[in-house]
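Student: Once you have looked at the hints, place chains B, C and D on chain A.
Protein chains in written order, with the numbering used here: chain A, 1 to 305; chain B, 306 to 610; chain C, 611 to 869; chain D, 870 to 1128.
Misleading hints may appear alongside valid ones.
[As the list claims (entries may be wrong)] A few chain D positions that, by computed beta-carbon distances, are all more than 10 angstroms from chain A:
#, residue
1, E895
2, S939
3, R1020
4, R1024
5, E1043
6, W1050
7, S1053
8, A1070
9, L1077
10, L1085
11, R1089
12, E1095
13, G1103
[Claimed, not checked] Simulated restraints on C-beta separations:
#, chain 1, residue 1, chain 2, residue 2, range
14, C, E860, A, K290, 45 to 53 angstroms
15, D, S994, B, P441, 46 to 54 angstroms
16, D, G1049, B, R438, 27 to 35 angstroms
17, B, E509, D, E1118, 44 to 52 angstroms
18, D, R896, A, V293, 29 to 37 angstroms
Since the hints were made in silico from the structure, they are not lab data.
Owing to the predicted nature of the structure, the values given are computational and were not obtained by experimental measurement.
C-beta atoms are modelled at their ideal positions from N, C-alpha and C, and glycine is treated no differently.
The lines below spell out each chain.
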Amino acid sequence: MSKVATMRDAVAELVRDGDTVAIEGFTHLICFAAGHEIIRQRKRDLTLCRLTPDVIYDQMIGAGVARKLVFSWLGNPGVGSLHAVRRRIEHADPEPLEIEEYSHFGMVCRYVAGAANLPFFPIRSYYESDIPRVNPNIKPMRSPYGDGTEVYVVPPLRPDVTIVHAQRATAEGDTQIWGLMGCQKEAAFAADRVIVVCEEIVDEAVVRRDPNRTVLPGVVVDAVVPEPFGCHPSYAQGYYDRDNAFYLEWENVSRDPEALEAWLKEWVYELESHAEYVEKMGAERWERLKPGVATSGEVNYGDYS
Amino acid sequence: MSKVATMRDAVAELVRDGDTVAIEGFTHLICFAAGHEIIRQRKRDLTLCRLTPDVIYDQMIGAGVARKLVFSWLGNPGVGSLHAVRRRIEHADPEPLEIEEYSHFGMVCRYVAGAANLPFFPIRSYYESDIPRVNPNIKPMRSPYGDGTEVYVVPPLRPDVTIVHAQRATAEGDTQIWGLMGCQKEAAFAADRVIVVCEEIVDEAVVRRDPNRTVLPGVVVDAVVPEPFGCHPSYAQGYYDRDNAFYLEWENVSRDPEALEAWLKEWVYELESHAEYVEKMGAERWERLKPGVATSGEVNYGDYS
Amino acid sequence: MSGDGELGYSKNEIMIAASARTLAGERICFVGVGLPNIVCNLAQRTVAPDLQLVYEAGVFGARPARLPLSIGDPSLVTGSTAVTSMFELFAFYLQAGLIDAAFLGGAQIDRFGNLNTTVIGEYRSPKVRLPGSGGACEIAIHARKVLVIMRQAQRSFVERLHFRTSPGHSGDPEHDRARGWFGSGPTSVVTDLGTYGFDEATGEMTLLTLHPGVTLDEVRANMGWEPKLAEDLGETPPPTDEELRLIREELDPEGIYTR
Amino acid sequence: MSGDGELGYSKNEIMIAASARTLAGERICFVGVGLPNIVCNLAQRTVAPDLQLVYEAGVFGARPARLPLSIGDPSLVTGSTAVTSMFELFAFYLQAGLIDAAFLGGAQIDRFGNLNTTVIGEYRSPKVRLPGSGGACEIAIHARKVLVIMRQAQRSFVERLHFRTSPGHSGDPEHDRARGWFGSGPTSVVTDLGTYGFDEATGEMTLLTLHPGVTLDEVRANMGWEPKLAEDLGETPPPTDEELRLIREELDPEGIYTR
Chain A
1 MSKVATMRDA
11 VAELVRDGDT
21 VAIEGFTHLI
31 CFAAGHEIIR
41 QRKRDLTLCR
51 LTPDVIYDQM
61 IGAGVARKLV
71 FSWLGNPGVG
81 SLHAVRRRIE
91 HADPEPLEIE
101 EYSHFGMVCR
111 YVAGAANLPF
121 FPIRSYYESD
131 IPRVNPNIKP
141 MRSPYGDGTE
151 VYVVPPLRPD
161 VTIVHAQRAT
171 AEGDTQIWGL
181 MGCQKEAAFA
191 ADRVIVVCEE
201 IVDEAVVRRD
211 PNRTVLPGVV
221 VDAVVPEPFG
231 CHPSYAQGYY
241 DRDNAFYLEW
251 ENVSRDPEAL
261 EAWLKEWVYE
271 LESHAEYVEK
281 MGAERWERLK
291 PGVATSGEVN
301 YGDYS
Chain B
306 MSKVATMRDA
316 VAELVRDGDT
326 VAIEGFTHLI
336 CFAAGHEIIR
346 QRKRDLTLCR
356 LTPDVIYDQM
366 IGAGVARKLV
376 FSWLGNPGVG
386 SLHAVRRRIE
396 HADPEPLEIE
406 EYSHFGMVCR
416 YVAGAANLPF
426 FPIRSYYESD
436 IPRVNPNIKP
446 MRSPYGDGTE
456 VYVVPPLRPD
466 VTIVHAQRAT
476 AEGDTQIWGL
486 MGCQKEAAFA
496 ADRVIVVCEE
506 IVDEAVVRRD
516 PNRTVLPGVV
526 VDAVVPEPFG
536 CHPSYAQGYY
546 DRDNAFYLEW
556 ENVSRDPEAL
566 EAWLKEWVYE
576 LESHAEYVEK
586 MGAERWERLK
596 PGVATSGEVN
606 YGDYS
Chain C
611 MSGDGELGYS
621 KNEIMIAASA
631 RTLAGERICF
641 VGVGLPNIVC
651 NLAQRTVAPD
661 LQLVYEAGVF
671 GARPARLPLS
681 IGDPSLVTGS
691 TAVTSMFELF
701 AFYLQAGLID
711 AAFLGGAQID
721 RFGNLNTTVI
731 GEYRSPKVRL
741 PGSGGACEIA
751 IHARKVLVIM
761 RQAQRSFVER
771 LHFRTSPGHS
781 GDPEHDRARG
791 WFGSGPTSVV
801 TDLGTYGFDE
811 ATGEMTLLTL
821 HPGVTLDEVR
831 ANMGWEPKLA
841 EDLGETPPPT
851 DEELRLIREE
861 LDPEGIYTR
Chain D
870 MSGDGELGYS
880 KNEIMIAASA
890 RTLAGERICF
900 VGVGLPNIVC
910 NLAQRTVAPD
920 LQLVYEAGVF
930 GARPARLPLS
940 IGDPSLVTGS
950 TAVTSMFELF
960 AFYLQAGLID
970 AAFLGGAQID
980 RFGNLNTTVI
990 GEYRSPKVRL
1000 PGSGGACEIA
1010 IHARKVLVIM
1020 RQAQRSFVER
1030 LHFRTSPGHS
1040 GDPEHDRARG
1050 WFGSGPTSVV
1060 TDLGTYGFDE
1070 ATGEMTLLTL
1080 HPGVTLDEVR
1090 ANMGWEPKLA
1100 EDLGETPPPT
1110 DEELRLIREE
1120 LDPEGIYTR
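The following block holds chain A by itself, in its conformation from the complex (with noise of 0.2 angstroms):
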């Protein structure tokens, strides 16, 4: 049975007001496509879950799609501020924003104790940090082994839905990925529902072929999105290069409200789906984010029949 739909469906159907929501991918496969598509619906009141709120996150906030915040690293990663959430957080302007910060590993644990139906997960940190102090969910536990020694505790982070991009995926959901792997796997495992957006669809029998690079089964997948070009600004391994260029003029974009409006009006609420924002962006972006060949060389599997 063929999960595959629109992003248009996809983010309609799956995506509620109320939500909590993870685009997940560490600077590789962030899913700016469907970003632009809950933006595009006027989403509300959503809980954004991320390791790093970048840019999308910033655009998102910026929109008004959401309420809260759970986060362990809040920057332009290499260039600078996301200021509309700043403005949110450091003046409520226009309105507040609710956070609840983690460190990265605080963050994975989360999602694998979500993926992994455990009610708390054990991590080595936070010791002498004001953290805690202010997030009460991490909390300090004692070893039952001899030693007593003290971890603190996260809890599960199980998002009503986690949006995942892909460089592929058969119309069932069974996804590929290579280069970083984040923590898409445990973000999807951990999720109600889980919306896999891909480069390119492609036949059972290419994922067969190396059942070792699948990082999700079908079976937990609920809509499988095809999206060339869905990550950009962001990129996809071996299919298109980092915009650096976008993240450093996101900046005086994201400094001033007026400015951040124009850009949403012009490139998310004016267009009606990211294939015209591909067009909009014009051939010779794309041509210059090629990347060239570097090929992984193959292993055998063996016939066994």
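Tutor: For chains B, C and D alone, coordinates are given in the frame of chain A:
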């Protein structure tokens, strides 16, 4: 710095009497060659760890190298019993064997805790089972979060030495595996010393072409032993098949202490090395176990220079 | 073919066929070693073509091109949908409730479907040391349905287990519901004599059908308690020609498990 | 080139060169975003050719063919030794004590090397909301050596942090030893004015060298406490021609981080 060594030297230097030793690999990539070398060098008082002590541990325990076994499933998979092990447990014949047992997931979580430097690992298992009654290392723990969910916890397992077999590794120890992964990665990261045995030593460039396949970086590896067919009668995906006939025949060898002793004499003590074992088994057998070709296909990592 | 007799099939063959049918409509099945391996592969070729075979070794969506003779056979990997570490398989698939059905067996079972795969006799001085839990303890707790397949005898269908490796029903359904496990306890037992379900009100094993040619007295002679009988006690449909063909020609041509 | 002046190099360039030298002989280094990225890549090309670059994004043994402009740049992956999930990177590498050295920075540092990357002002009503911990908190605890690189000013070298994101030394070395962490606390701070170590007896930041042309008064004017001075206070060796060539031609040809 090359870490390539002969099996004799690697075992002589890195496996010491009294050590806690894990030879991991779940049905796949079980390093019989290392077990034979440990027998040949007449190591003593080992604590042997493994989810599924199978024929190799029956051989090792029958040969008297171990005083204790830590495990989760004890048998000749698909065939029957490990009689040498059972003689020691049931009749202390020729001497007692201490045992400490978990479930599969409990053992896996013990390796994860060892690898991750955690003092305990939570697991939803053992409820209403007699296993915790006979193993006080499995302790109940209550979640510190609202609902008070009860879990059990298991302690970390940190072998002195873990031995894993891989399809290929560099001379520095960067190790790649495909097919079943078992818990080799976790068991190796948990260990103080690591021996990687491999079908092939490959150039660093082979590993660097497909970094997502790497399970261990050389930095955690102490010795790299090239040993083709080192898993026989177990298998190496894409290299040779599981030798089911051997597993079936083992039932009769294992049942009879004299037959076992004769087998060890013929196939271990009187041979100098695994290379001699391979030669003695005969080319016809290796031809029979050779699989056909089923290649993975390639992916593009992209050249970003 | 031994055990074949005048019926045209062996005891293992009717066990396999009857078990495979219990998988009709299931999606994700955790496959065990030995007979369950053949049962699941038969079901995938008959009543459950969309059945995803999951192996604790870390394979999801296996399509073995031959009968896998171990749960980690290389033919399970080649052509499968996904290979995972065992940690992920147990944590993200089983413990997280993704497994619809799983097979278990054991040396002893009691009337509530509790299983012993650990020891006959005392734990510290065993008469027979059995394999132990493997993944059985967590499978019993997390798989939504547990299907048992084992031969029936006085010494294996017992009033009191020597060791409870894997929990079944407690005998108190209210207690069972309050456990909060994904697993609902064993739902089916298939033996060489008949098939059993479990009473919803009491959690007690209940004889549903007798295999052709088997009498109630034979059943009674091979279990340690007086069996509860279904009101409409029936006869197990014998293996079809197609089931027998698949078993004999494709799944176990050497008859390793089926004769 | 701005900030260049008569010395022939910028403030960032001497910070980068001085930091890179602290990596001499190290094996496994956890690389951060921004300047540390350039520092580690420079060290790999000069004083530490065997340095394994580890990125929290999940890369071990990176050999970037260009300057990675983010810690998850695709050039870090292509040609690397291993890619891991973030869980494995943090759990099996960092938390398990495999990381020899790591870079941290921050908006505020105190005299014991405690760092604030979270907030200026009150946490609940911040004047400036900073990025937060990222991996810094666990890096500070587990990396065997923590190397700090940051610009010096009254508002950043402070007597009292507004928020302690990542622990440094406590000021009580006995307490520090009893922590049982792999991390020994910060061992080096490189600023635009000089380089610092930490006193073994007290854990206090100690000025080791002044960069060429920098006076002690400038240092004092740019920190919130009276600095402890090394007995043999010296001058930082300026960047060599080769270091400058690598920085300007190979590592940051567009001068994004170095001018």
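Student: Confirm or reject each hint.
Tutor: These are the hints, each one checked on the structure:
no., hint, verdict
1, E895, "22 angstroms, holds"
2, S939, "5 angstroms, violated"
3, R1020, "15 angstroms, holds"
4, R1024, "17 angstroms, holds"
5, E1043, "15 angstroms, holds"
6, W1050, "7 angstroms, violated"
7, S1053, "14 angstroms, holds"
8, A1070, "20 angstroms, holds"
9, L1077, "26 angstroms, holds"
10, L1085, "32 angstroms, holds"
11, R1089, "28 angstroms, holds"
12, E1095, "25 angstroms, holds"
13, G1103, "33 angstroms, holds"
14, C:E860 x A:K290: 45 to 53 angstroms, "48 angstroms, holds"
15, D:S994 x B:P441: 46 to 54 angstroms, "51 angstroms, holds"
16, D:G1049 x B:R438: 27 to 35 angstroms, "33 angstroms, holds"
17, B:E509 x D:E1118: 44 to 52 angstroms, "26 angstroms, violated"
18, D:R896 x A:V293: 29 to 37 angstroms, "32 angstroms, holds"
The structure fails hints 2, 6, 17 (numbered hints given earlier, in ascending order).
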